[in-house]
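Chain by chain, the residues run as shown.
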Amino acid sequence: MCARVFRVLAATAALGGLLAGCDLPRDPEETLEMVRGKELRVGVLQSDRNAEQDRAVVEILAENLQSQPVYTEGDAHRLFEELDRGHIHLIIGGVPKSTPFKKAGFSKAVGPLYGSAEEEKRVLAVRAGENAFLLRVNRAIEAAKAAGASS
Amino acid sequence: MSETHPALPAEIEQAMRRAKRLSWISIGLLTSIIVAMALVMGGSQAMRTAWVEDMLSLLPPIAFLIALRLEEKPATNQFPFGFYRANSLAFLIAATALTAMGALMLYEAGATLIKREHPTIGSYNLFGHEIWMGWIMIAVLIYSVIPPMILGRLKKPVAAKIADKVLHTDALMNAADWQTGLAGIFGIVGVAFGLWWADAAAAGFISFSILTDGLKSMRSSIFELIDGAPRKIDGPEIDPLVDRLVERLKDVHGDVNIQVRETGRFMRAVVEPPDRPHVSGERARSLIGDDEAWRLIEVALEQREDRPERAKG
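Residue numbers (our numbering), protein chains in the order written: chain U, 1 to 151; chain V, 1001 to 1313.
Same shape as in the complex, but just chain V (with noise of 0.2 Å):
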């Protein structure tokens, strides 16, 4: 098949390397923190759905090693554009998967203020001693809140150098995670001083910024999935790369239409007469027969004008 991963820059394949391990570090990490949780909530309904928000930002940083390496693979038979778009799907699993976290937190903080459920920490027998519970799960929320806010802001400048969103949002769900557990820490003090909504305010307050993230996140996969224009790394406008190419596409081409769309982390461009975007029924119809034939809209002529290792040069 003709699609080959295109070779690319050795800083750019540096980056993704990068990327790759500080997604490993990330899996492990949150691995002995979900562990570690576990073993101190026991039965509470709060530091339940903490925990199953950890669970739930496995997600991102999983997805992204899944699709990087399938969109090394070739191209096949069966897939013939190869898997680029993968990296796309991915991101579409981790937005929804930041959505669900912000969305969850705002239900069961709003659940909690409204039943007035007042929120019971037990305690623990430490050495002879009876600990209240409320201190050791502010431990371990410190724990959890140091990795996050590391690997999220080493992620940020890589994911933008690979132009990778699958791992930009991993990079906010690892934000939402740390600003989590420092609203928890603030949650459990204000039990301490018997202000039982504290924990179900402070998560609330949180779960409005994570939501808006995901949303966003979501809106942008979205486009990107239907054949959407190129958007920006950090938001639904369009990149600006996309009125650079148009219009020096043009200046070549003269009266053309371009389609620019992404697929995954590339680009890809079409230059298409303005007024005639449609294959002609006639040709279609010695294509694929009469019966069929209104299905066949497009037969494009690729110019492949390099081999994929130009990129080495």
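Same shape as in the complex, but just chain U (with noise of 0.2 Å):
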């Protein structure tokens, strides 16, 4: 019985590396596919200390994704009803870790949400469920922080 049994799990894991290996995971909305050589719409919440610094993820996402950055800035109500439906792909500026928008994703943080009273993470926010796009930026978010901390 037992037998059988680590025989059934390790084909799954065996399927689990083998799908890891393939261009996985893929968006349910195909944003990396509609990013990928072409625009890349970025909502700013405010243009200030965390935008600036957000910007440099968004030129290596970018630059790795060959297509275009084009901002529009917006106040945080509009600009996530956007990103839901898929009208801008990226919401920068200062998003609070603990954001009460919870229709999209969230990437890791990317650094502290200056301005704010308490101490707090800034994150940057995706249409929700877009997962290889979030994946390409947490990478720009690591690769940011590396250029960072060697300059």
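Errors might be hidden in some of the hints.
Said to hold, decoys possible - Label pairs and their in silico Cβ distance ranges:
#1 1114/V x 115/U: 32 to 40 Å
#2 112/U x 1212/V: 45 to 53 Å
#3 99/U x 1238/V: 52 to 60 Å
#4 1021/V x 30/U: 49 to 57 Å
#5 1113/V x 30/U: 16 to 24 Å
#6 102/U x 1052/V: 17 to 25 Å
Calculated from the structure, these hints are not laboratory results. Predicted, not measured: the structure shown is a model, and the values here were computed from it. All residues carry an ideal CB built from backbone N, CA and C; glycine is no exception.
Build the complex: two chains, separate frames, hints provided.
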């Protein structure tokens, strides 16, 4: 019995390894495919110190995807609505980690949230469930951090 | 007090020790799984549900161990019948935990599908590589699947041997655990392929069988608590032993009424006259006075035939 169980699990693990090698994860709404080689539409909450540092991540991301960043500024409600509809791909400029806007996906922490009364981390927002695109955003954040540390 | 714990056959005692050992192992492994999940899952709602489910699956083995310890205590003045019923109560707790788990899963899955929530799964930096958290979750889920798969299969025959419905429910909970884990793996693979609904659909599918098992167990445990006839270990049907017992007792005593119930793993039979089930009003009044005589409905004379250590022979 146990041998059979382990064979099944080993097969599952092998399958998992195989899948990890493929071009996975993919986006349900294909954000990554839409952005690659085309426009990367970025919503900016506020042009301040937060946005300034987030831009460094956007530049790296755009370069990696050979796309052209296009920035639009707007208030949070409008930007998150546009993000959910897929009109923009990314929100930057001081999204707190504990944001009340839950209908989105969030990147790893980019840095501290400047101008906040409490100690808070700053993240970037992508359309909910766009896991492939989010993975590229997170890689860009890591790259930006590495670049920041070396300079 | 007269109700001492019955001595059990050596093989049953041995099976009980095995059951105890399996429950402790369950608690240890489940705790390690709960810690591992807590480390990986972060803010993900789906994973928090899986985590709550794992916490719920701690309840049956804990209830089992507490009930077993209580059951071994001799009767006292405060508890003249001993503590056999602790097992019945633990059965209800375990069954409720299983039902709650099924209901929680079904609700979560349904809500996700109706709200069309796309699960977002982030990434984790491992040795300088940004790795999709989904792959790490699958690794943890594979780990979380193995122990319950083995433990559940080991527990079932032991539960049948010692007639323990708490342990049986615990085994069902283990089955629910590994099925949920496997569904989670398929779900995350689905999400990797861009099928946002895969996770919820897999969980919803599994939740039906968990809910059915839970409700079935709850029904049985309630029957037991309201002195229903003894039920089979795996369903609400009456245990065939009851029919055999009733038949034999009627052979011996003629036209009598036989009441059989179970207190935890033990069965008790009462032989009573078919037409006079109650104590007479006159006798009741003489025993506890006029005003409250109505409350005394039974005075039984037990025939204690054997010493508790009989079973060892």
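What are the numbers of the hints the structure violates, in ascending order?
-> none
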